[in-house]
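Protein chains in written order, with this note's numbering: chain G, 20 to 367; chain F, 20 to 367; chain U, 20 to 367.
Worth flagging that the hints you see were computed from the coordinates, not collected in a lab. Wrong hints could be hidden among the right ones.
Copies of the same chain look alike in the list, so a pair counts if it works inside one copy or between any two.
Cross-link-like lysine-lysine pairs, in silico, DSS-like; alpha carbons within 27 angstroms at most [unchecked claim]:
(1) Lys344 with Lys306
(2) Lys253 with Lys242
(3) Lys306 with Lys22
(4) Lys22 with Lys345
(5) Lys350 with Lys253
(6) Lys306 with Lys124
(7) Lys306 with Lys242
(8) Lys242 with Lys124
Owing to the predicted nature of the structure, the values given are computational and were not obtained by experimental measurement.
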Amino acid sequence: MGKGFQGNYFEDFSLGQRFACAVPRQLSPALGEAYVALTGERTPAWCDASGLVNPWVTFHAAFGQTVRTISLNAVANLGYAGVRWHGPVWAGSMLRTELEVVGLKENSSRTSGVVWVQNTAWVAEPGGAERVALTWWRWVMVHKRGEAPTRWLEAPVVPTMPASVQVEELLPVREALRSPVETGAAWGWNDYAVGERIDTWDAMAVNPSDHMSFTRLFQNSAKVHFDAHGRDGKPLVYGGFVLSQAYALAFNGMENRLGIAAINAGTHANPTWAGDTLYASAYILEKAELSNAQDLGALRVRLIATRNLSPGLVAEFTPDVEDPKKPGRTKLHNSVVLDLDYWEVVPR
Amino acid sequence: MGKGFQGNYFEDFSLGQRFACAVPRQLSPALGEAYVALTGERTPAWCDASGLVNPWVTFHAAFGQTVRTISLNAVANLGYAGVRWHGPVWAGSMLRTELEVVGLKENSSRTSGVVWVQNTAWVAEPGGAERVALTWWRWVMVHKRGEAPTRWLEAPVVPTMPASVQVEELLPVREALRSPVETGAAWGWNDYAVGERIDTWDAMAVNPSDHMSFTRLFQNSAKVHFDAHGRDGKPLVYGGFVLSQAYALAFNGMENRLGIAAINAGTHANPTWAGDTLYASAYILEKAELSNAQDLGALRVRLIATRNLSPGLVAEFTPDVEDPKKPGRTKLHNSVVLDLDYWEVVPR
Amino acid sequence: MGKGFQGNYFEDFSLGQRFACAVPRQLSPALGEAYVALTGERTPAWCDASGLVNPWVTFHAAFGQTVRTISLNAVANLGYAGVRWHGPVWAGSMLRTELEVVGLKENSSRTSGVVWVQNTAWVAEPGGAERVALTWWRWVMVHKRGEAPTRWLEAPVVPTMPASVQVEELLPVREALRSPVETGAAWGWNDYAVGERIDTWDAMAVNPSDHMSFTRLFQNSAKVHFDAHGRDGKPLVYGGFVLSQAYALAFNGMENRLGIAAINAGTHANPTWAGDTLYASAYILEKAELSNAQDLGALRVRLIATRNLSPGLVAEFTPDVEDPKKPGRTKLHNSVVLDLDYWEVVPR
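Assemble the whole structure, with the sequences as input and the hints as a guide.
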């Protein structure tokens, strides 16, 4: 075994194990500017002189830090839950991330297992104290190193995770509030209706350099995203790139957003490849008042990203279609690459 | 009609109407660095510690702000005139843009019309007062929403715009003056001759990610530049990208330039696509003294960008060729993608 | 001869001639962030709040400055030697570069000649005094302008250059020292053995926009890297891009590195093209104590970058293979694009 780190295998994890993730990162102003160049993000607070860090920048930088620990040997990223941002983060802050193993289950194939981790990202402004910036659960299927069964085959531990983040847990970033003149639209919380569909109309082509630059920017070193030769010319686009593109497209129709406050659940339904064009539509699932902010309101949004199909141009498009194999059940339309359930905060 | 903004149509405009364009932008140092990465720009004042913002960065950021208001439904960008930079802009400044409708003319097809707008971009340094940074006219052919004729079919209003910017109006950025040791060449105003042609010899390939990153960086969200799927794999390159590439190439032979001071007129003669390689040559149209700056002089330059043809390698190349359809008249050589008429300032 | 600079030819150089290279550059924080986006570099000191400039950023910015002077008419970049970094460089510093011609030899073909130059890059912090940041020798084969022989055909002058940088000359950047928690691995100088091979396992696809953005970022204007049309769609990847990618990949297994301290020699054995995927492996050639730093040690490393072959997956891979044309002699494996001999500093 040489020194070049090949990542942890299922056998390397144990319940309650804690990891400090390598390579602390400064959330610099330039990081935010590079994010704009790669996504076209327009939400005013993240491109004006506020000094606010885009919550997605914090997310990707923190997520990137965990890759070396948890997912270099991933078979599949199965999901995340209870993703919560804990208030404003300011440019120049240092970010570091820790994770704890909270669940383990070996698969019956004995070649892989599922690892559940709880993640915490801390930030500190220059000279300041650390505080929590982001917390989330994630579960990943990871290769086993060998054939010998582990105790998690017979006695798996599966953690209880929140099905959704409660409204009371949301911490809106009031500092991101801007006027309609600055955002370009007047829609407020009162204007949205449960069941409403918002087509965003825009489009974003995925170029090889775009998705790799994004993934490198956040120091996510999972080889699957970069090894064109080893993957017959088709390196897999990092799912987080799709998240950010879809969210950037969803500026249209949610111009007054203060920024994503929580993710309830997310499914990367299909892979995305360079050469695809992404589109997005948003569905309002739920509206909630915020007890700690009378002038703001929360929207629970279902954000659907499709590839090579613009939902706004297909009148009858629905993300959920009848499953021919399971009568009476639905499945996601095969153009869907992302199905994200999240909480957004907007002014009333 | 959903909330996802689909842009203004011809019927949405009225004479004298004023728009404050959405999404104010900080002109950060990182924006300038990203500009260098995407263009290779070498003019010293915009990559040293001066804090000066490249005038093209101001231009594209302001132009990008107007897109949501004026050109999401553009059939064609017909031209611009009287583009004037109003002195130095400093990194860290906030930029916002307004425009006023000054002309309207419905086309006889009744499916589109021409909108003339006068644009003003303001900058403010942190804590400072706003001042004008850039003003320009632009006219765009915009789709109509419906078939009913407007009053601008029978009674069009076409504004008078300046055929060129007067020398007296130029506001040279003295702060950008550097020594020949720093610029790499000694050419001054006295060395240039009217009629002179300058081949720049360099070349710049246009890659998909280059032009889209550039366009996203400046938050220009016109779908035509990003919708690879919807445009059969050929999203249109933003004309501003070609402007910046040609100007960056024109450093060769104009190394002592203080920066573009005004644009008299510009024609995007042909579309540019990813896969093209751009070349540039410059022609000195006119020389003028500057009454407010005895040690500086103005050059009126015709900057020609060609694709897939290096003018320096074709001895007999001229941008204007005989038009076979119109004896005695010329048209632009079909390799020409940009024909720009602008004022540059250089030391004497 | 027009004003567009076409570069110096062999006849333009004379022994002892000194050039101040054009376009001083600020080593901004954004430059470092762009470097991360283009390479995925993870060494903590260059992405945290230290303000340290990545030594490769200094290298490429300085090298880029010399291109206009020395290598626009290069037939081939033959090599470099004695590359030494002279201690920490801080973000915000201004960089400028000079070079001196120290050797000249016209080739017997009379169409080209070799120019040896000694290069020095200086940095100055804002308001501070200049100090040397980087020094190196380089030799380049340059086209002749004409056919007339020069005195360097009959009387060539070939300088003596160091075969390697001496350990005593290394100036470790102690400020880059981080804990294993931050770097992700505990390997120190004592853990490395002469002869050891480190497979880095990662991969990096080379996309057109990646290598051109990198080359533009550092204002290297050699046309060969950008002229897709003129080179039948195959612009040559800047060798420095390969250096940086290979070094970024070599983070795996050398996580505690303080940063490259010197280059003894380097060979770009084969060209790299967009579409290639790069891999890297490192060999420990030599270990040395540092008299000026008892808690640090130096490793002499041979860094091999391959294209489209992952050395870690080929058990019997060796960079040196038997040369079928020269029995008993070896040559580099034809997948090798870079063979770099350098000094790294790590904690004991």
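Which numbered conditions among the earlier hints are violated in the structure presented, ordered from lowest to highest?
1, 4, 6 and 7
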